[in-house]
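Residue strings, one per chain:
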Amino acid sequence: MNHRLSINQRSLIAIILSLVCFLGTAGWLLDKAFRDSALQGEQQRLESILYGLLAVTDISPEGKLSLPNFLADERFNRPNSGLYASINDEQNESLWQSRSALGQALPRLYQQVTGKRNFQYPTASGYFIYSAGIAWEVEATQVVKLDFHIISSPDFYQLQVTQFRKSLWGWFIALALILLVVQIAVLKWSLSPLQQVSRDLHTVESGKKQQLSSDYPVELMGLTENLNNLLNNREQQLSRYRNSLDDLAHSLKTPLAVLRGMDLRNAETSKAITVEQVERMTRILDYHLQRAATAGQAPLMNTTRVKPIVERLVNSLSKVYADKKVHCDIDIENDQGIAVDENDLMELLGNLLDNAYKWCSGEILISISDEAEHTVIQVEDNGPGIHAEQRNEVLLRGKRADQSVDGQGIGLALVSEVVRAYRGDIEISRSGLGGARITLNFPYKGRTGKILPYYSDT
Amino acid sequence: MRILLLEDEALLRNQLQEQLQQEGYIVDASDNGEEGLYLGNEYPIDAGIIDIGLPGISGLEVIQLLRTNNRNFPILILTARGRWQEKVEGLEAGADDYLTKPFEVQELLARLRAILRRSSGHATSIINNGPIVLDTSTQTVTIEKQLVELTSYEYKILEYMTLHMGKVISKSELTDHIYAQDHDRDSNVIEVFIKRLRNKLDPDQNIQPIETLRGRGYRLKVLQTD
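So the sequence lines, in the order shown, correspond to chains A and E.
Be aware that the first sequence starts at 1, since it is given in this note's numbering, and climbs by one per residue.
Be aware that the second sequence starts at 1, since it is given in this note's numbering, and climbs by one per residue.
Keep in mind the hints are simulated off the structure, nothing from the lab.
Don't take each hint at face value.
Stated by the list, open to error - Taking lysine to aspartate or glutamate and the EDC-like style, the derived pairs with C-alpha atoms no more than 20 Å apart in a straight line are: (1) A/Lys307 / E/Asp8; (2) A/Lys116 / A/Asp89; (3) A/Lys307 / A/Asp335; (4) A/Lys324 / E/Asp135; (5) A/Lys319 / E/Glu86; (6) A/Lys319 / E/Glu107; (7) A/Lys319 / A/Asp329; (8) A/Lys145 / A/Glu74; (9) A/Lys307 / E/Glu92; (10) E/Lys101 / A/Asp329; (11) A/Lys271 / E/Glu104; (12) A/Lys253 / A/Glu268; (13) A/Lys307 / E/Glu86; (14) A/Lys319 / E/Glu92.
Owing to the predicted nature of the structure, the values given are computational and were not obtained by experimental measurement.
For reference, chain E alone in the conformation it holds in the complex (with noise of 0.2 Å):
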């Protein structure tokens, strides 16, 4: 998932990138609204955590020319006052969650975490897709109720792709939002991973969840709950 991170205070945003990193998310970062709107109009953003208090460009503007511009991912804004009249502003301005400042890590994790499924229909943190069940918050994954180990890795792929069921998802759309944008693009990673995913998930091919379509990419499969 790649995430644009808007904040001008050095110290929390580098923080924030860090153990966003950490938790496996690709991050644009920026201390100016200008950047960030650039950013979050030319890459493929999965979401955005957008402190109001920018210089140049507000926080504000920065969501409501992204919205005019039909950039829907959705946002978290992060206000150092906490009053209402500016969390209301934030939200009807597009925002989809607000969090004051100082907040903890993990709060913001979970508040990302929400919008993200949110933002992809689905309206609580586990989401079921026939035998395969994925917990968003604890980043598990049970299949028949039995825990499937998966790298950190194979966990983001099958998020991406369980959160865009039954679409079809190029390689390239997988590569721009698992990994960062240095990264080298030609080698054939996202196939090892597939291949891993698919060993995992379905060892005896019953099911076959993740169908190849040659030449376009790959689709998760909607299955049929028993």
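The following block holds chain A by itself, in its conformation from the complex (with noise of 0.2 Å):
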């Protein structure tokens, strides 16, 4: 079991609580309103009730209140009905109550204030209660204070909150299925291009394909042009092991072939073959275990920081070379990078400096410049320099391992072939400080360590 949610589950899990708290604010909020407007109804309901009672009460001069034996509002006639009315006096005694609330206990009713109209919900009984405060003038001069209270029971408020709520609820849950389906169709139509990717990975896998397919959302083109990258570099790399084993195999047969063929009879000449012959199979080693060791370009590569490298080296090479008393002039700024893995990077500059330090005469330059499309390494020296006619060969050496190896040995060589593993070019041309100098470019700016797109090796 991954311990990872896959992409999936964590859309669902989060489709499902953004919805349910959508649509629980939303619900809450219209169940809200939808009870503050019915309770304002009711309110308006009982106030008209309350004028209704007030018109039909009348007060006899002699402080005798008196209500018609039948109200028109039915309900107040009728017991039990839900519907109470009740006037009490300045002592809050009941003076008068509709026949509806005959045997029937109403909720306590507390005194008013006179001229203040009161809706009292909820209540602990569980009743709506209006009630209004009045200063009755009987007279001129006589004035008796009563309390009006109506009391209704909740039970058609409720029904109609409960009807709201249920088809309310009903609409929501409907809705939020329909939006989780929507939600899953999007989600599955979104995430179909990844698993193209995996199907069209599993294609390559088998190896009946060499690419990915190109026609990718743009979000994914990135990762999916860097797997070709990959799968590209894989596939440059493999061939470069196949033709590597292939030309050892082939480079260590002409050498055996003349051992083989040896006179034993004539022990002078067979010792002389059989030491020049094994100096050439190690040779052909040699070229052949260092150019199949090299990395060569790689898409997402980091660019390696040289200075560190060409200090390690210099340091390093002084101390072989220490009787020489070389002075080697690094012109490489700090931060200066290159997009070359950093063991093939100490191995080109290993095998340069290593020969500049051989051949100079006491002066080794090496510098490093960004141009607009690619970067260049120069590393120079007072040496004798090589001849015009010999570079080609030089660089040639290892390859050809039927040539005599002097001096520069197959370093060049070697350097000329990491190069060539990152698409750049090696020249060998004359310094100005009087010997060799040899320029290594690589096509793209070593700063950023930006890979310019392949093109087939060739």
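Combine both chains into one complex, guided by the hints.
Structure follows, in structure tokens:
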């Protein structure tokens, strides 16, 4: 079981949580709005009933309260109808109650302030109570204070709220389900390119295809292009290994053939031939091993800082060539980088600097410069230099293992191989210092490490 | 000269040991880092030849540990891969030169002579001491440009003394660096060799290059060039 959630699971959880939050809040707000307006309606209804009751109330000059036996609103006449009225005096003693209140325990009623109206809900008893404190003028000088209370059961209101809620949540749940289905469909649709990548990779893996197809959405282009680059790189590395192995096997055959064809009766020449051919095979092995070990240009490669590597090499070589008292001028900025694998760079610069140390008469200059589209590394010395007619040959040594190796060894041929693995080129010329100048050209900007698109290896 | 040879491949180790002994070196050889470290720390070693890829304590660690122990004899590292990464690491650990396998024994001997000479502060293979000129690469000695015929042991003693010119060298130090450990230390061969050297270098007793300091040893005088 993978402890990481899949993208599907993540999206689903996010959708469900947001739906619950959104619909829950919306539902609660709608419910509250509905209850508020229903309450207001109830208040208005009770208020108008109160006015109706006031209209039929009369007080005699003696202060006697008189109301008709049967009121116009039928619910006041029917016992236990759910609508009751009570008129209380100043001591909160009931002077009159509607017929509907007969045998009914009304909720506790409170004394009212004269001239104020008061709507109470919710109350301890659960009833709606609309009350008004009224100063009733019997004569010009006599005023009777009365409290009118209209009491209504909440059944109707409750019914309304329940019905509203039922339909509200019914719709919301239906809506949530629809949204969920839509979201899942959207999700499937958006993630389908990823599944295609995985299917594509599968076909590449099984060898039916070389590359991922290129019709992916913009967001995946970076990924698929890099994957293609990696595949390309692997393919090239494989073919380099294959070629290397092939070359190695073939180039070993010649010295082996010479050894087998040796006339063993002639000890003197046999010995000479053996020494010569062993030497030759050693060279072949060296060359091909180093060549196969080259990492070469790879996509997503980090840049390697050049200066520390040069400094390490110069310190080491100064030790080895301590007798020569060489001055090596390093013209490289501290943060100068290049998109070459660190080991490869060490191999390149190691061979170049080793040659320079070997041949110079005390002066070496190593420099790097960033041009518009490429990075240039130069190593120069004040030694004897390399003759124009030898330059090509020097770069091919090792490859043609039958050549006698002097001085420069297979170093430059290897450098040339490594540089070519990075699609660069190598040039030998005469240095201003007097000796050889080796120029390496890498076809990309070192600082950014941006690698130009692949072109086929020819 | 006493050489520490650390190489885990038996065939190569025996070959090297034999060739080095033929060249007149005393060889303390081992196939592992632990023993190598012990030999390097306890024996009067003049130079080391150490394979980087030793099992157990690697060659690199041996060099580092020897250097932290202030054992400063020159060291030549052998690498099989020939990658610069490895060479640089070896040199940074304290080695003085490297050689990539496979190599020719002549190359190894030349490098060995070079690091021995360099470690005693001489920049070239030719060491001048007044009229006496010693060439470590050809192992020859001339006086006033006349070649002096020396036996292998005589040459070895003169070379050691020349590389430590002006310093007092005890008899046992000479024995340690010239002979393998099983040699009879009580014999007076050193005295015999010194006597013969004196006769060959200075038959007329004009310059008297080798001084005897009683109870302490010998000293090769630093001579003025004419």
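Do the hints match the structure? See the list:
A C-alpha spacing of about 36 Å is found between lysine 307 of chain A and aspartate 8 of chain E, which places the hinted pair above 20 Å, so the restraint is violated. In summary, the hint linking lysine 116 of chain A to aspartate 89 of chain A is supported, as the alpha carbons are separated by about 15 Å, within the 20 Å threshold. With a C-alpha separation of about 8 Å, the suggested pairing of lysine 307 of chain A with aspartate 335 of chain A holds against the 20 Å cut-off. At roughly 18 Å between alpha-carbon atoms, lysine 324 of chain A and aspartate 135 of chain E fall within 20 Å of each other, so this suggested pair holds.
At roughly 15 Å between alpha-carbon atoms, lysine 319 of chain A and glutamate 86 of chain E fall within 20 Å of each other, so this suggested pair holds. At most 20 Å may separate the alpha-carbon atoms for a hinted pair to count; lysine 319 of chain A and glutamate 107 of chain E meet this at roughly 18 Å. Taken as a hint, the lysine 319 of chain A and aspartate 329 of chain A pair is honoured in the structure, with Cα atoms around 16 Å apart against an allowance of 20 Å. For the given pair, lysine 145 of chain A sits about 27 Å from glutamate 74 of chain A by alpha-carbon distance, which is inconsistent with the 20 Å threshold.
The suggested pairing of lysine 307 of chain A with glutamate 92 of chain E holds, with an alpha-carbon distance near 16 Å, which does not exceed 20 Å. Using a Cα cut-off of 20 Å, the hinted pair lysine 101 of chain E and aspartate 329 of chain A is violated, with the two alpha carbons roughly 31 Å apart. With a C-alpha separation of about 15 Å, the suggested pairing of lysine 271 of chain A with glutamate 104 of chain E holds against the 20 Å cut-off. Between the alpha carbons of lysine 253 of chain A and glutamate 268 of chain A the distance comes to roughly 23 Å, so the proposed pair goes past 20 Å and is violated.
At roughly 18 Å between alpha-carbon atoms, lysine 307 of chain A and glutamate 86 of chain E fall within 20 Å of each other, so this suggested pair holds. Under the criterion of a C-alpha separation no larger than 20 Å, the hint pairing lysine 319 of chain A with glutamate 92 of chain E is consistent with the structure, at around 9 Å.
Consistency note: the structure conflicts with the earlier hints numbered 1, 8, 10, 12.
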